[in-house]
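J.: Positions in the sequence shown are counted from 1; adding 931 to them yields the numbering used here.
Quick caveat, the hints were computed from the structure, so don't treat them as lab data. Since the structure is predicted, the reported quantities are computational estimates derived from the model, not experimental observations. Incorrect hints may have been included.
[As the list claims (entries may be wrong)] Okay, the calculated beta carbon distance ranges per label pair:
{"#": "1", "residue 1": "Glu1322", "residue 2": "Asn1645", "range": "49 to 59 angstroms"}
{"#": "2", "residue 1": "Gln1311", "residue 2": "Ala1141", "range": "42 to 52 angstroms"}
{"#": "3", "residue 1": "Glu1322", "residue 2": "Glu1602", "range": "46 to 56 angstroms"}
[As the list claims (entries may be wrong)] Calculated cross-link-like contacts (lysine to aspartate or glutamate; reagent style DMTMM-like; alpha-carbon spacing at most 20 angstroms):
{"#": "4", "residue 1": "Lys1380", "residue 2": "Glu1392"}
{"#": "5", "residue 1": "Lys1636", "residue 2": "Glu1619"}
{"#": "6", "residue 1": "Lys1673", "residue 2": "Asp1585"}
{"#": "7", "residue 1": "Lys1737", "residue 2": "Glu1639"}
For glycine and all other residues, C-beta sits at the position ideal for the given N, C-alpha and C.
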Amino acid sequence: MSQLPVTQLLPELCETLAESRRAVVAAPPGSGKTTLIPLELIRQPWLAGKKILMLEPRRLATRAAARRMAQLLGEPVGQQVGYQVRFEREISVDTRIEVVTEGILTRRLQQDPELQEIGLIIFDEFHERSLHADLALALCLDVMENLRDDLRLLVMSATLDTGAVADLLDGAPVIVGEGRSHPVELRYLERPAAADINHSVVRGVLRASAETTGDILVFLPGTAEIRRAEASLRQQLPAGVALFPLYGDLSRADQDAALTPQANGRRIVLATSIAETSLTIEGIGAVVDAGWSRRPRFDPNSGLSRLQTVRVSAASADQRAGRAGRLGPGVCYRLWTVAEQARLVPHQVPELLDADLAPLILELALWGVTAPEELRWLDQPPAGACAQARELLQRLDALDAQGRITTVGRRMAGLALHPRLAHLLLNADGQEEVALDLAGLLSERDILKRRQGISHSIDIEERLQRLAAWRQGRRNGDAEGLLDRSICHQVERAVKQWRRLLGPEKGCNKKHLSVGGLLSLAFPDRIAQRRPGSDSRYLLASGRALLVPEGDPLSRYEYLVVASLDAGRREGRAYLAAPITLDQIRSLQVRHIKTTHRVEWEAASQTVVAREEERLGNLLLSTRPLVQVDPEESSQAMLAGIRQMGLAALPWSDQLRQWRQRVMSTQLWLEETTWPDLSDAALLETLEEWLAPWLNGISRREHLKQLELDTILNSRLSWEQQQQLERLAPASLVMPSGSRRKLTYQAGEPPVLAVKLQELFGLRQTPTVCQGAVNVMLHLLSPAQRPIQVTQDLAGFWERTYAEVKKELKGRYPKHYWPDDPYSAAPTARVRPGKKA
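Sequences and hints are given; from them, build the entire structure.
T.: The structure is reproduced here in structure tokens:
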């Protein structure tokens, strides 16, 4: 072990921690930092008999690191080196190095902020940037600044932005170590892989097994892909090749089997990203990397997380490839192209920026911090996710209105599980056993195995029944062999721990809540209501759309409580749920159910609808018509309907439309702001001002016909403006023939006068409006009322065009009057002057 690269930096590290008490180590996987550094530092005199607490991001890595250090000391785990993970503790009075998961440190800090027995805290594999690691680091920095100026801190990572971490640690020295790895040949695909991950992985493994001789490590996104690949490969690999899955929820024995080389034969390990760093997997000579990982992404708008299968980062891809170079030159088969490699992001987004922050906000409140800004972070927790978490915790009675922790919140934090489930356990009076089982089932992976061609109901009550049958050893509870007994054991261990923390049952719950009723204590925002006319689509109280698997037995219920779901892009997908009755919803959510009067426009019936509504968030629980309606509310709803339908819904006449255009034209010509703006936009914007007073008793579109719209709009003009309008923009003009002809107005354009040209004989100048400022646009008509000329220059027409028009039309209309001199001719509306038309 003295040949491991990390030994070269140990003297510098020991001296740095002695002087500055803070340091950052960046060394690649395989350098020995996880095991050799703690063993060296524990001997340093500046520790003065205190312990080292080393944090690992994963349980599997925690156990493996402790075992390896104990092995190097020639001792069993639990003497000088021990570890603690959830449900497991191998620590004695002789233990000097404790390896724990990050959540364990948070609990210890909350119980003993000074950590008097601890002299050094090591954050290993900090580049994974788990939520617990960021929180624990923020709390440790707070302790070092305010309680323990002698506490030392070391952050270690395989790949990390060391500058940012060093700055956070007040300029801590950065010590960079070398790795011990052999060259790894990278082999890429020539073209992008097929969409089916399983297909490309199986082909990659078969290729690697044919081209290499050592054991093979395969990286896949999650356990579902591992199971599919395992099933496919068993049918195609030759005898003597052993397949081992490796993921966090495996039993300890199965994990050890995957980590230990075979005495005879070849081994293929199918792993999630858990195998990227921390773990030493002996015997690996080739890596097959699918290039994907599965990460939860939290949406603060919906309050839901969505599992996403995303491309690995360039850093993660390098760590995975490095696994092939531990023993000698290796090969990494990357199931993507060189071009896709160039597009990989450098590092994965820290969990803090994508996670449900309710547990973090509760921990901060327990620490005495109401705003994350009070602590120091490598990345500040997002404000939106913090606000959503705070709102949920207040609804669960964990925080008060100022964001301070309540007595209930302290009890919830002490249970060390998600605040939702903690609230369930603390409020299940008399039904604690069912609540404990529900919390256990929701905290672990599904106890029912997923198999191709078999779809399980989302009903969580079925899991409760199967769990009870497993406890009683009844085989008929699992006739299909679908029960994952290792997960059942994990559920049972969790239940026992929480039962011990809860204490004895409080007594009988007179309400006798259903499973759905109990779940609503934890998930009040996930009460779902079936959409009308649908068998599979629901709406959550939070407002999110939800899809229940088609044909699932629960789809016959109107109301569900959805405990496990994927938020999805457009609508969520339910995984575990239970039915609940409307009566139980009303009983359990009485504080959050609002009864309101709603008066609104209904587009379908084109009428104002008034009703009393009972709502839980976005769910409409009941409705009934309102007998008495406030006239003002009805008027406002009617105005909303008019805005929706547009001004065309009002009873316009042709004469009124022209009046409106005359007013708008006058306003433009005079450039005065005292005239009312009658444009569509202005009228719609000011409906309350000019139309609302006339809407008494009007609640339907058909009622609008009763309005005297000309009177309503005329009242917008003063008496002086009405008189001025007749002078400046008259509705008609008297022709030289003595007849009166209408003007057609369009705001912004000259008014149009359509008239037979015989009626204008003797008229030398174009008629005008607006006190002579605007020439009308003449549409000169033939005897057949067809336009023969459009002009604003009547004199020019007589002089330049009339002769040609006369020549052309005289033969067509010989009975009509076609004088040679239009200036001296008598105007007429008849065929000829003095004769009837």
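J.: Would you mind marking each hint as holding or not holding in the structure?
T.: Evaluated hints:
1. About 53 angstroms separates the C-beta atoms of Glu1322 and Asn1645, a value consistent with the hinted range of 49 to 59 angstroms.
2. Between Gln1311 and Ala1141, the C-beta spacing of about 50 angstroms keeps the proposed range 42 to 52 angstroms intact.
3. The given range of 46 to 56 angstroms is respected by Glu1322 and Glu1602, whose C-beta atoms sit roughly 54 angstroms from each other.
4. Proposed proximity of Lys1380 and Glu1392 is supported: the alpha carbons are some 16 angstroms apart, at most 20 angstroms.
5. This hinted pair checks out: Lys1636 and Glu1619 have alpha carbons roughly 19 angstroms apart, not beyond 20 angstroms.
6. Only pairs whose Cα atoms come within 20 angstroms are accepted, and Lys1673 paired with Asp1585 is accepted, the gap being roughly 12 angstroms.
7. The straight-line distance between the Cα atoms of Lys1737 and Glu1639 is roughly 48 angstroms, outside the 20 angstroms bound, and the hint therefore fails.
Of the hints listed earlier, the one the structure fails to meet is number 7.
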